[in-house]
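Undergrad: Residue-level listing of the chains:
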Amino acid sequence: MDSEGLKALAVALSIGFGTLTPAIAIGMIGSRAMEALGRNPEAESAIRTTMILSIAFAEAVAIYALVVALILKFT
Amino acid sequence: MPEINIKAEPIFSVFGLHITNSLFTSIIATVTFLLIAIYYSKQITASKKSGFFYFVHFMFKSINDLFKSILGDNIKFFLPLVLSFFLFILIQNWFGLLPGVGSVTIAIKEYGKIVHVPIFRGGNADLNTTLALALISVVMIQFYGVKFLGFLQYIKKFIDLSNPINFFVGVLEIISEISKVLSFAFRLFGNIFAGEVLLTIVAFLVPVLASFPFIILELFVGFVQALVFAMLTTVFLNGAIAKHH
Chain S
1 MDSEGLKALA VALSIGFGTL TPAIAIGMIG SRAMEALGRN PEAESAIRTT MILSIAFAEA
61 VAIYALVVAL ILKFT
Chain V
1001 MPEINIKAEP IFSVFGLHIT NSLFTSIIAT VTFLLIAIYY SKQITASKKS GFFYFVHFMF
1061 KSINDLFKSI LGDNIKFFLP LVLSFFLFIL IQNWFGLLPG VGSVTIAIKE YGKIVHVPIF
1121 RGGNADLNTT LALALISVVM IQFYGVKFLG FLQYIKKFID LSNPINFFVG VLEIISEISK
1181 VLSFAFRLFG NIFAGEVLLT IVAFLVPVLA SFPFIILELF VGFVQALVFA MLTTVFLNGA
1241 IAKHH
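Same order as they appear, the protein sequences are chains S and V.
All residue numbers for the first sequence refer to this note's numbering, where the first residue is 1 and numbers rise by one.
All residue numbers for the second sequence refer to this note's numbering, where the first residue is 1001 and numbers rise by one.
Listed next, the in silico SDA-like pairs over lysine to any residue satisfying Cα-Cα at most 20 Å (straight line):
id	chain 1	residue 1	chain 2	residue 2
1	V	K1180	S	A58
2	V	K1007	S	L72
3	S	K73	V	L1205
4	V	K1180	S	F57
5	V	K1061	S	S45
6	V	K1061	S	T49
Don't read these hints as lab results, they were simulated from the structure.
Generate coordinates for the entire structure from the input sequences, incorporating the hints supplied.
TA: Right, dumping it as structure tokens:
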């Protein structure tokens, strides 16, 4: 395999594996938020704010992988 | 396919200082920010206030209430800092979504050949901007920690020789302060730059209408990232000024 092919493979693998765990994390955050919302619906605004923040943190990990993939791809 | 560059390109230079397209857009965003601030402060004393004043006022009030739930009464010290972070990042992020940003190009000479680079590029799509914001945030956290706790009390968090475990925890605290800078900078840069790449690629795959939902998504992402930056600064500030025992 030549170096171009290896580079494309590295890009695909870095973004592919990098998004695995954040996907699980975001799913868990969402499910727990739904659970909390079902238990006490009047706390909706507080739960929504905290949920969006936690999702942003979990998503940041995927973004790091994306930055690595973009750097590999475009430099 | 258009050329996608990780780093911002210089478009002209002033006295040997290269002005990149990101810096150029940042300057425009800063001037916009300044004009809004001047307008707001003029309107405070006016007897008949405009609708825009009430809109900005409503935004300030909501942000104040949100951060008050974390900081309590200390909010009056920290609101100028976190609100500036929030509004500046928000304006920068949304400025990058205006039509023409990234698509209006200018011909410049680089290494002897003519290349076309965009005049405007979202300010936070350049790692230098986000790194500067992250450094300001972390330095201000240390500053307020020293101010509220006193120098000796605050430095005890990092250098504690009372027993080996505390010493090791202090080393970890130093590493965590450094990693805060990296995490702040890369989170903001990654989100905004990825958004720009996404919009470019979608516009080239399907030229008509398909970009629309993605622009809505990017508006939301820009807002959430500004909120996350300000919120994280607030949470870390709250940790830095809390008394240890």
